[in-house]
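Each residue of the sequence shown is one higher than the last, beginning at 162 in our numbering.
Worth flagging that the hints you see were computed from the coordinates, not collected in a lab.
Take the hints with a grain of salt, since some may be wrong.
Straight-line distance between alpha carbons at most 27 Å, and here's what the computed DSS-like set of lysine-lysine pairs gives [claimed, not checked]: (1) Lys305 <-> Lys252; (2) Lys207 <-> Lys246; (3) Lys299 <-> Lys212; (4) Lys246 <-> Lys305; (5) Lys254 <-> Lys207; (6) Lys207 <-> Lys252.
Simulated restraints on C-beta separations [unchecked claim]: (7) Ile247 <-> Gln185: 21 to 27 Å; (8) Arg280 <-> Ser201: 37 to 43 Å; (9) Leu294 <-> Met162: 20 to 26 Å; (10) Lys246 <-> Phe287: 33 to 39 Å; (11) Ala288 <-> Arg180: 37 to 43 Å; (12) Pro202 <-> Lys302: 19 to 25 Å; (13) Asp312 <-> Ile262: 33 to 39 Å; (14) Ile227 <-> Ala288: 37 to 43 Å; (15) Glu175 <-> Ser278: 28 to 34 Å; (16) Lys252 <-> Pro202: 21 to 27 Å; (17) Arg220 <-> Phe256: 17 to 23 Å.
Note that CB positions come from ideal geometry on N, CA and C, so glycine has one too.
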Amino acid sequence: MKNPFKFGTVVDKEHFTNRIEEQQEVRNVIDSNNHLILISPRRYGKTSLIKNVTSHLDRPIISLDIQLTTGINDFASQLLKRVLKINPYEKLKHFIAQFRIVPTIELNPLTGGMDISFRPSEKDNFATLEDVLNLIEKIGKQWKRPIVVLDEF
Numbered sequence: 162m163k164n165p166f167k168f169g170t171v172v173d174k175e176h177f178t179n180r181i182e183e184q185q186e187v188r189n190v191i192d193s194n195n196h197l198i199l200i201s202p203r204r205y206g207k208t209s210l211i212k213n214v215t216s217h218l219d220r221p222i223i224s225l226d227i228q229l230t231t232g233i234n235d236f237a238s239q240l241l242k243r244v245l246k247i248n249p250y251e252k253l254k255h256f257i258a259q260f261r262i263v264p265t266i267e268l269n270p271l272t273g274g275m276d277i278s279f280r281p282s283e284k285d286n287f288a289t290l291e292d293v294l295n296l297i298e299k300i301g302k303q304w305k306r307p308i309v310v311l312d313e314f
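Taking the hints into account, I'd like the entire structure generated from these sequences.
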């Protein structure tokens with residue numbers, strides 16, 4: 162007999178069971194535009210819960226697993242890459258041109274994706290991250306406010 166439960170990975174649809182109260186609580190916090198921090202032991206389904214709730218909302222999602230980043234500069238680059246996945250570069254280029262350190266954005270012909278990098282000095286790392294976070298705020302004021310999900314924080 163095959164185990165009906167899927168674990169060890171993000172689950173959705175038929176594998177995501179119940180958690181109706183938790184889903185409603187998360188939805189309420191998101192709808193109120195407040196910050197939400199989920200804390201529990203590993204493998205309790207925090208990522209699955211957030212992905213399930215946000216998949217039913219009519220707002221753009223910027224999702225990043227921080228565990229995969231190597232520092233502030235990489236975090237800012239990866240976050241900007243996620244922003245550009247939901248907003249075309251043409252729409253945002255005038256905002257990005259105002260960054261204190263303008264990123265290098267190149268199309269990767271092998272993956273079809275974008276390679277983004279900043280070349281800041283150590284003292285400028287936080288300025289770079291601040292510019293990306295401010296861009297997300299500007300997007301929210303001009304278009305639909307995005308939901309930012311930072312996983313494995």
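Hint check against the structure, violated hint numbers in rising order | When the structure is compared with the hints, numbers 5, 6, 9, 10, 12, 13, 14, 15 and 16 turn out to be violated.
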